[in-house]
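A.B. asks: Residue numbers (numbering that gives the first Met the number 0), protein chains in the order written: chain W, 0 to 531; chain Z, 0 to 531.
Be aware that one or more of the hints could be misleading.
It does not matter which identical chain is meant; a pair holds if it fits inside one copy or across any two.
What the hints assert, rightly or not - Quick list of in silico lysine to any residue cross-link-like pairs, SDA-like style, CA-CA up to 20 Å:
1. K361 / D328
2. K130 / E354
3. K140 / P262
4. K97 / I436
5. K316 / S180
6. K43 / S187
7. K140 / V486
Derived from the structure by calculation, the hints contain no laboratory data.
Number of protein chains: 2
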Amino acid sequence: MRPAALGRASRYSQGRVFGISHPDRFRRCFSHEISQETCSSVAKLLQWKPTPDHVADNPPQVVINGFVRSVRSMKSIRFVALGDGSSLAPLQAIVDTKHAEGLTVGAAVRLSGAWVSSPGASQSHELHVSKVEVLGPSDAKTFPIQKKYQTPEFLRTLPHLRPRTPLNAALLRFRSDAIASLTQFFASRTFTQTHPPIITSSDCEGAGEVFTVTPATETADQANTDAKKDDSFFRSKKYLTVSGQLHLEALSQSVGNVWTLSPAFRAERSDTSRHLSEFYMLEAEMSFVDNLGAVMDLTEDMLRFLAKSLYETAAVKELLSRSSQSGSDLAPLDEVRRRWEGLMDPSWPRITYTEALGLLQKNAEMFTEKPTWGMNLQSEHEKFIAMSVGGGQKPVFVTDYPRDIKAFYMRPNQPTAEQPNATVECFDLLVPEVCEIAGGSMREHRLEPLQDAMKRHGILKPAMDVNGNVIPDADGNGPTSNLDWYVDLRRWGCPPHGGFGLGFDRLLCYLSGVQTIRDIVAFPRWVGRCDC
Amino acid sequence: MRPAALGRASRYSQGRVFGISHPDRFRRCFSHEISQETCSSVAKLLQWKPTPDHVADNPPQVVINGFVRSVRSMKSIRFVALGDGSSLAPLQAIVDTKHAEGLTVGAAVRLSGAWVSSPGASQSHELHVSKVEVLGPSDAKTFPIQKKYQTPEFLRTLPHLRPRTPLNAALLRFRSDAIASLTQFFASRTFTQTHPPIITSSDCEGAGEVFTVTPATETADQANTDAKKDDSFFRSKKYLTVSGQLHLEALSQSVGNVWTLSPAFRAERSDTSRHLSEFYMLEAEMSFVDNLGAVMDLTEDMLRFLAKSLYETAAVKELLSRSSQSGSDLAPLDEVRRRWEGLMDPSWPRITYTEALGLLQKNAEMFTEKPTWGMNLQSEHEKFIAMSVGGGQKPVFVTDYPRDIKAFYMRPNQPTAEQPNATVECFDLLVPEVCEIAGGSMREHRLEPLQDAMKRHGILKPAMDVNGNVIPDADGNGPTSNLDWYVDLRRWGCPPHGGFGLGFDRLLCYLSGVQTIRDIVAFPRWVGRCDC
């Protein structure tokens, strides 16, 4: 018996493949010798423009999969617009009425036919269909996604169907290209890509805007009872992470420079175009770095690389073309172009918070809220900085904010004669219209100053079980803080280090021209909304 | 006033950089002209072997950052082993005792000196240190990570410090390389990388092994009260995703072939070496694919690409070298090598469940549990298949399992004369020792058969609010199922499609030789354990 032979003889060995799984086949699509091969995508087929000379007697035969976007009926033929998410532009297919059964809006079909020059002005070539296979029928009367204009608000009620609109397909491809570009950027700098945990012990400085995590089988009552027996699932309260930074710091003490693109969560009850309860954070941490300038250089280099590598991609070209259409829900083309050009600009201004305050105060009459040193910059202030310092195009780094309005882990500056107030080595990166798009800092890497800062911020608190009872530490020596482990990182060999965090979905909004973060994320979650 | 000029004059513009942020500097490290430039990593410096001819009078001066792994004291000098996570091997530094203050185990230091041939057998070159900067001191007496052997169980109690061991640094680099390789593979096949949601409405077929998500500010009481007012955070119970598959199916109806590497969660109370409560799933979904063979081809091609692209990387070579050491906690070298060679093998056997049952029944005396058609394969059975069909090396696809032991969404096979029993178009991918490493299927893409299957599996259930009350649908026409949206995908143009899911951490275990999944994840979470 040679059991391995069983496998080779299996029914799958010679399996015919509908789609395209081998790069070879992408090429074959354009080879005249092999006709009737399924073409990999509408986008690729639209690029193929065989001249009439090539095809005079023998037009190339192709097979293409896709969804019917619209059907226009003439006397004996139908004009079918076919899309498959690979391009905004549809493919025009001409189908004899006798083959058109089941060619309804939304249907998933496979069309075979000749790829020939089109007399129409809208396309160079069109498909003269000889065979129609309806792979997934659609009841067009009830299909909620229609070719006519549909508001973003309406589409948002259908997150499972919304990706099928050509614009949303382009946004999905844009996101994918952006992830690949970032992966390439960080690999070229030998940053290690990591997966910090999602379920964590830290409740984010007790701010309360976190989600807790409990097994579904543990009702509140059970959890209480079990907790008394020290038998709840994780033995103490656990939360969804609000940022991977603290864990990244631990990992950067292992492999040096690290980054991640991973989900983060906030249980904010705010109902704005800029916040979601679930979002992707792009975070990086640099080790053995003693100057905030290096962290800003990294942020700037990364965003510039991303912009340059994506600007000429099909998805971005399509999004820009959509921006230019009247009645588009995207930001106007000029504005979106300026955003890209700003990111590609070779030098971005850097000013301190104190310098920024000076500028604001010289123009105090422009603002509803009077600019005062020590305050958080309001949206109106950030907009002014972005316009006056960045010229409404370049991103602007604002650095060295007052200590008391920033996070406990940021490293303080030495007070000087010019700047006697307590500030920290941090930056916000401001861009026009959207304002803060990224933030970073040097981290306090010294043990005692960190502990002092935590006390000042009221963070050195005991760990508590699900009933709110203090958990004694292993030695029974008193309360254990949820962040003891973070303090530990400073106990044994903590080099100077710093990093940044950037809201990935917000960045994609900014560069695509999408006006709200709810429309850049396929399945957005915010207060009151978590469909599917 | 030209405010932009402010930025250029800022204190950060000329910032001195400790670490290396520009690729240029990587090169400069090896340029003789520019001495005293910080070298990018211990790994790079160890590769640099200037010959004595080059350096006779003027040995190259370098600066290197890292952590002290060990110190050996001689009369007037110290031998310091320096590591920075970039290599298993440390760098040997020789420091005059008068400069050695603060050079304690664990300390983060910056060493400057001459890079010269070493008389020792363990290294070709060593650093003769002229300057020591202690950037982060370490109290060596209390530092829990010691150079001597420490058990995996002990290290697991210190997840925030464990990454600092050379082995764990290599595992982090291995994970990073694997992510980059997968990104490259899928980009080359024009698969779109996506981010399916983490918080979902589906409780995974009601199996109960899910985590629920609630805002920390919502106590159970409040949640109950608020829910009655339809005012709980998400208005109904929400869960952490157990798999992105259902959402990937929606996205594949937009852009065709899609994939994701994202977190998934199970609230299993099992305490094994193969399960975590939080883990990364690699999932892909192919659209317009009508044959399970294509899904297996993709799985196989991906794993083969991954293995080939990683096998010669530094991290993998280091892990293999560690496997070969006696007393290592990793699987033996021969075994790990066989795993890599199996994945790189150009053809993997494929057999049906029914064929597998035949093999098992011929050897029934070998098993504790008698092999019977319709049963789930037990670990002993899977091991036998992996050994007898895959020769203990090649991965083996087992296909077409009985319908009743598989998920509701799998597409049924047509019963035939030889196979009259109800089976579904699915596969498990078995590898020696670890058994199932991936699973995939064709999805039921037809509306009514899917609804029938959901009824049969008891899944078509009404949506419930946090109090367990049924939520009427928008029309008031009766209960809304949590999976109505998934059924909707079949209503309008659902092409044949299929995909697979693979436990990413488990795969990394398999290929690294790490014996438990708790040691491949930096911050592992399982029942009773969620540190940091």
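A.B. asks: It remains to establish, for every hint, whether it holds in the given structure.
C.D. replies: Evaluated hints:
Taking the closest pair of Cα atoms, K361 and D328 never come within 20 Å of each other, the shortest separation being 37 Å inside a single copy and 66 Å across copies. For the homomeric pair K130 and E354, neither the shortest alpha-carbon distance inside one copy (69 Å) nor that between copies (38 Å) is at most 20 Å. Proximity of K140 to P262 under the C-alpha cut-off of 20 Å is found in neither arrangement, the shortest distances being 38 Å within a copy and 38 Å between copies. For the homomeric pair K97 and I436, neither the shortest alpha-carbon distance inside one copy (55 Å) nor that between copies (49 Å) is at most 20 Å.
Within a single copy, K316 and S180 get their C-alpha atoms as close as 16 Å, which meets the 20 Å cut-off; across copies the closest is 27 Å, which misses it. Taking CA atoms no more than 20 Å apart as the test, K43 paired with S187 passes between copies only; the shortest distance there is 14 Å, against 30 Å inside one copy. With identical chains, the CA atoms of K140 and V486 are at most 20 Å apart between copies only, with a shortest distance of 17 Å across copies and 62 Å within one.
Hint compliance for this structure: hints 1, 2, 3, 4 are not met, and every other hint is.
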